[in-house]
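Listed below are the residues making up each chain.
There are 2 protein chains.
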Amino acid sequence: MSKLKIYILLVVFVAISSCAVSQSHPKLILTQKGVTEIRAQLNQLPVLQSSVQKAVSFVEEEMEKGIDVPVPKDMAGGYTHNRHKKNFLVMQKAGVLFQITEEEKYAVFVRDMLLSYAKMYPTLGLHPANRSYAPGKIFWQNLNDANWLVYTSQAYDCIYDWLSLKERKKLEKDLFRPFADHLSVDSPQFYNRVHNHSTWGNAAVGMIGLVMDDQELIDRAFYGLKSDNIKADQKDNDGGLIKMQGDGKAGFFAQLDHLFSPDGYYTEGPYYQRYAMYPFVMFAEAIENCKPEVKIFDYRDGLLLKAVETLLNLTDVNGLFFPINDAQKGMSYLSRELVSSVNIVYHFGGKDSGLLSVAEKQGQVMLDDTGLSVAKAIKEGKKTNYKKRSANYKDGALGTEGALGILRAGEGDKEVCLVMKNTSQGMGHGHFDKLSFSLYDNMGEVLPDYGCARYVNIEQKFGGGYLKENNTWAKQTVAHNTLVVNGESHFGGSTDTGNKFHSDPFVFDATNENIQIVSAKELNAYPGVEMHRTLALITNENFEKPLLLDVFRATSDKENQYELPYNFFGQLLSTNYKYELPEVLKPMGDAHGYQHLRLEAEGQSETNNAKLTWFVNDRFYSITSFVSTDDKLQLVRSGANDPKFNLRRDPAFFIKKNPQKNALFVSVVEAHGKYDRVTEFADNAFSSISKVDVLVDSEDYTAVSFQDKKENSWMLILANKDASKGAKHELQINGADFKWNGAFHFVLSK
Amino acid sequence: MSKLKIYILLVVFVAISSCAVSQSHPKLILTQKGVTEIRAQLNQLPVLQSSVQKAVSFVEEEMEKGIDVPVPKDMAGGYTHNRHKKNFLVMQKAGVLFQITEEEKYAVFVRDMLLSYAKMYPTLGLHPANRSYAPGKIFWQNLNDANWLVYTSQAYDCIYDWLSLKERKKLEKDLFRPFADHLSVDSPQFYNRVHNHSTWGNAAVGMIGLVMDDQELIDRAFYGLKSDNIKADQKDNDGGLIKMQGDGKAGFFAQLDHLFSPDGYYTEGPYYQRYAMYPFVMFAEAIENCKPEVKIFDYRDGLLLKAVETLLNLTDVNGLFFPINDAQKGMSYLSRELVSSVNIVYHFGGKDSGLLSVAEKQGQVMLDDTGLSVAKAIKEGKKTNYKKRSANYKDGALGTEGALGILRAGEGDKEVCLVMKNTSQGMGHGHFDKLSFSLYDNMGEVLPDYGCARYVNIEQKFGGGYLKENNTWAKQTVAHNTLVVNGESHFGGSTDTGNKFHSDPFVFDATNENIQIVSAKELNAYPGVEMHRTLALITNENFEKPLLLDVFRATSDKENQYELPYNFFGQLLSTNYKYELPEVLKPMGDAHGYQHLRLEAEGQSETNNAKLTWFVNDRFYSITSFVSTDDKLQLVRSGANDPKFNLRRDPAFFIKKNPQKNALFVSVVEAHGKYDRVTEFADNAFSSISKVDVLVDSEDYTAVSFQDKKENSWMLILANKDASKGAKHELQINGADFKWNGAFHFVLSK
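Going down the list, the sequences are from chains Z and C. So for the first sequence, full-length UniProt numbering puts the first residue at 1; every next one is plus one. So for the second sequence, full-length UniProt numbering puts the first residue at 1; every next one is plus one.
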């Protein structure tokens, strides 16, 4: 630290004397004005200072190891992959440190590494792994090569003026220009899509173009390649079509037009939105710095700012992204992409003081003008709590392809959050999980989404890539908390079919604190079956925490087998019904994910209610379901047919109905009580629900009720056909008349 | 808080005016001198203040609910059980608050609750549950009744002087005296043992005797009942014999003489030692306060002080007790018993400044003279780090019944700790796990002990009591990291047999930083089989963290099937051998714990080394074992024959040898690397060990070696028969001569 302080002092003086000399670089992310201010204010701004210190530690440690630019060989997780990834991260940071500290050693390090790349690059063919639809030269896939250039163009910008003209010429001729060409003209199937891969490609080409002042590259980044000869049925490694529907345009503006909904929701889901955000916000910052006349942050009604706000709201209590679609769990708003996003949105957006508390949790800021803004505002005490909220994020470029519903109720240790997926398929990384939901409380996941079957960058697991089980299990319907009909996944498990459809949001109302509700229909997942699910978070002083009420209706002209899984974690404590254990455990099927499940217990209820209580993280949870005495109540566990032990052994509770035309599933889920392992006290370890009932179920109306142990009783009536707010409804239930306006009516009926 | 501050000020003045009036109570735990000082210094001592505030919140909340003294009915976890437990906790705290704050409402509350008990008690027969070998009247077992009296005698002491003579007479006649009699003369099988139950009984009777100045009760507490008529084969609920070997004495001094080893180790293990500690230290404090002439803390060479130090050292990096024998995981030195213990040992012991950092983590102090000492010392900045250490704790009253070996190496995120169980059986709560070990790193358990099969105070799980699976699984040998011979548990699974024997410590040497070693033999677990295990923690700059080397030798005159389990957590990443998966999963046996296991994969190595790498808590772990190509390498998982889902589904790796006379198992276990879910970087994800080899294995010597990927190689030679330090040894291995003194010789042989 003391070393740092000394040069900070030095820097301040040097800065004052040197800032008058106008130079053209840095201009991309760091600006000359920004550098001057950072130098001047660094030692007053703790979070900026610690971010610099962190960068210094990282860069110094790598500099000590010496420069290593190995000939590309390995897949993700392997040595050459990791080395090249570290190289671009360290060059970017070293470039910034050169600007901030003016210590030449950093510039020398970046230059020498770049020259090593410039020496090797012309000798490289495609990466030898030959596993990608669009191979890179440095990495097995062009996507990673684009990452490299997005970061490295920042490093180049930082030492541009310091380099000799000859060095610049060599780097541009042997490295940057051919690199940008390989990403674009040589790889149209990678570059000319509307896809997060292409966004990285566009940003990479655009950012190096801005640094080099190369208008051709800038245009190519903004508008794509003029021609590409991509075939209509060409697909990527994830099975996604290269050319989606759309207006045929490509380039950065096409990404902005098509990849986000008007609400800033990204159809692949938050895990990929996080990944995609970095090139969006960084390239946008670069455009704003170099070409302010584009007004990039105003584009599409401030879309980029909205996208970041949306992304931050798609996190649980710990800041972890909801792992819908292909998503590795554990990724959070602490990621470097979100550091950039939050800083950039704060600086170029409305200076939302809530963002400062996210930035504080991130514990670091960008080393640029935007990070400076954030660090100054934190220092000035402007921080307020970041308030997450209930929201219904429309999906699709026009906002017409379904929605992702988020309901939040309760505060502090009573917080409960629900995510309901009524969106479109989510492209190649989408799962077959129409109308699925996941439930969170203040400890994290309660009824989880499995996430993806992948160990990113862990080489032992298929080089860190998607595992076979991602397709055979994680994507399948039965792995989710949603209805399985006739033992098959939605759309028969076809992504191409799924891509054609989306669910239809029916009701979203988060205005009433007592009951927040989200409801949607799905008409295409199973031809001939109409699915309609309504989920409500109910807050009432008689319950410790908000309850989840789940009403799932399926109707059809022919008999089907309906099955509703609830995935959970931890240890079963009790059931209110008897069950049998199979003598041996075997796979429950041979396709659609059932091949990965084993039945551990099966029973039937002697009443119309089945209750399950379980225990995890020293908390208690219960589900109480209205069932028929014929319904099979199954406890199952994942992990069958898993020769590489790729899957977790997670439990689930299935309600399986005998073949019938229509089915209605009604459940109340409670998070309740806690256990203290030190005092060994168990508080509120039992469910409060004494009864769940169905009062009416017709084409027009469904009315369900539930009761607590003190015999308080609540009723929810749903209008199944007409969700309009103005519609007047009237219904007689058990001799009593109920009249209301709108899609639902919630009554405390003690 | 503001309310508190006001009365603290009031209190200071009142204290000054009232302290001159000498009264006889409180004198048990709180003393009059202590009360005066606490009142005077409270608002200068944050941790004392917050402890008072915590007590105020707890007591006020309970006072608001009103007094409830229900007729006893429920088992542990049920309402009346929990209510009576809360009652004694709240009375004790309210009594103390009356003394500290002088607010009469607390005394009124205690008095009224005591009078309710005095009204009910004479009407009670034995608790209706009828499940204990020694039923209480308030609780299902006398043990809990004794808990009640240990706490309540403190409450009574605090309001003694404030009560009218008539009230005192009523309480003593209808409640305390008959209560003490029920615990003792009415329940000799509970009271007159050498056992933690009896310690509670002795302390309860003694503490109320001290408050009431009843010499008969005090003598009964110190020396037990004169006659008890307990039959020689009478057993308790856990299958433990009521009368153990010993000198036939009973009472508190007999507990001190027999329950602890000279090193302060308690034969049942740390979980029960923690539980047992409270009556020991509290009664000792009471004796010291009321009868200082006894010099109780000097008894047996300062045994009680040693016992607390030992207990604190029997914790992992998070302060969790090593869960050997029957122990619920999660119990830690944050428990109230350890708060008392630490405070009392600090105050009456040598004022060890390391204890202050434990007290600070506990975040609370006792509201008595000892807590005051700790709070003052913390305030004065006397705290130093509490340094845990390697130690070999002798077991048995005379220290002659085996030992528990603890090795610790590495610091910070490199910390590794090993616990090897070479003790006696541990009485009724003991497990059949001779020479077993568990391994910890800075994240907690790596190769775990299962702990007990019990959910303490969780009513849904058999009323919170020990589950059937505690006997059929948790106690069995195969549930532990130790050798199973011929598919049976040690001592055929008989506690009575196990109680007769102990393992024989062979070597313990923690003096060398490079290699710390613990070795023991077991001659009785399997008649005719000699087991000899040596475990070493090896610290070397070529490895990220200290390694574990495990050398397990079994010798016999006849052929046996030898099997060595390693229990782990998390997800398998890779093996270096091929395996087959069974089509269906079924129990692996029908007894000795195998009925609860299912085989998930079985293979054989084509070389003499088998390697397994797994992943948990974002850390990597590997085991590399010297095996024969005939050895069956099994991946198994617990949870079979578990109709109530009482067991966790934990994985284990088994090395199973074909029948043979002698067997040698040699393994190296590495904790290595880490994964970051936010950056998605995997560091050091691969094992560093390239080879494990056996060079010599004779009656006299065993020499094993291991090698890293850089071809550094290490060798450990063990003298199998003579462990004496002075002994000279000489051995030729592959043509090279090795000479050394003592039980082992460790060589870096590159």
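It is possible that some hints are incorrect.
Put simply, identical chains are the same to the list, so a pair is met inside one copy or across any two.
Stated by the list, open to error - Cross-link-like lysine-lysine pairs, in silico, DSS-like; alpha carbons within 30 Å at most:
1) 54 with 231
2) 329 with 414
3) 674 with 644
4) 383 with 119
5) 387 with 105
6) 674 with 329
7) 414 with 361
8) 27 with 137
9) 105 with 329
10) 725 with 632
11) 351 with 394
12) 306 with 691
13) 728 with 243
14) 674 with 73
15) 468 with 586
16) 235 with 166
17) 65 with 710
18) 644 with 586
19) 656 with 387
20) 73 with 709
21) 721 with 691
22) 361 with 674
23) 578 with 73
24) 73 with 329
25) 657 with 586
26) 558 with 661
27) 586 with 656
28) 586 with 632
29) 306 with 376
Keep in mind the hints are simulated off the structure, nothing from the lab.
Hint-by-hint comparison with the structure:
no.: 1; hint: 54 with 231; result: neither (47 Å within a copy, 71 Å between copies)
no.: 2; hint: 329 with 414; result: both (23 Å within a copy, 26 Å between copies)
no.: 3; hint: 674 with 644; result: between (36 Å within a copy, 21 Å between copies)
no.: 4; hint: 383 with 119; result: neither (48 Å within a copy, 59 Å between copies)
no.: 5; hint: 387 with 105; result: neither (44 Å within a copy, 42 Å between copies)
no.: 6; hint: 674 with 329; result: both (25 Å within a copy, 16 Å between copies)
no.: 7; hint: 414 with 361; result: both (22 Å within a copy, 26 Å between copies)
no.: 8; hint: 27 with 137; result: within (28 Å within a copy, 82 Å between copies)
no.: 9; hint: 105 with 329; result: neither (39 Å within a copy, 53 Å between copies)
no.: 10; hint: 725 with 632; result: neither (38 Å within a copy, 68 Å between copies)
no.: 11; hint: 351 with 394; result: within (25 Å within a copy, 65 Å between copies)
no.: 12; hint: 306 with 691; result: neither (43 Å within a copy, 56 Å between copies)
no.: 13; hint: 728 with 243; result: neither (46 Å within a copy, 79 Å between copies)
no.: 14; hint: 674 with 73; result: between (51 Å within a copy, 23 Å between copies)
no.: 15; hint: 468 with 586; result: both (20 Å within a copy, 26 Å between copies)
no.: 16; hint: 235 with 166; result: neither (42 Å within a copy, 92 Å between copies)
no.: 17; hint: 65 with 710; result: between (69 Å within a copy, 18 Å between copies)
no.: 18; hint: 644 with 586; result: both (17 Å within a copy, 20 Å between copies)
no.: 19; hint: 656 with 387; result: neither (39 Å within a copy, 56 Å between copies)
no.: 20; hint: 73 with 709; result: between (65 Å within a copy, 21 Å between copies)
no.: 21; hint: 721 with 691; result: within (27 Å within a copy, 70 Å between copies)
no.: 22; hint: 361 with 674; result: both (27 Å within a copy, 22 Å between copies)
no.: 23; hint: 578 with 73; result: between (57 Å within a copy, 26 Å between copies)
no.: 24; hint: 73 with 329; result: within (28 Å within a copy, 46 Å between copies)
no.: 25; hint: 657 with 586; result: both (21 Å within a copy, 28 Å between copies)
no.: 26; hint: 558 with 661; result: within (5 Å within a copy, 67 Å between copies)
no.: 27; hint: 586 with 656; result: both (18 Å within a copy, 25 Å between copies)
no.: 28; hint: 586 with 632; result: both (18 Å within a copy, 23 Å between copies)
no.: 29; hint: 306 with 376; result: within (23 Å within a copy, 54 Å between copies)
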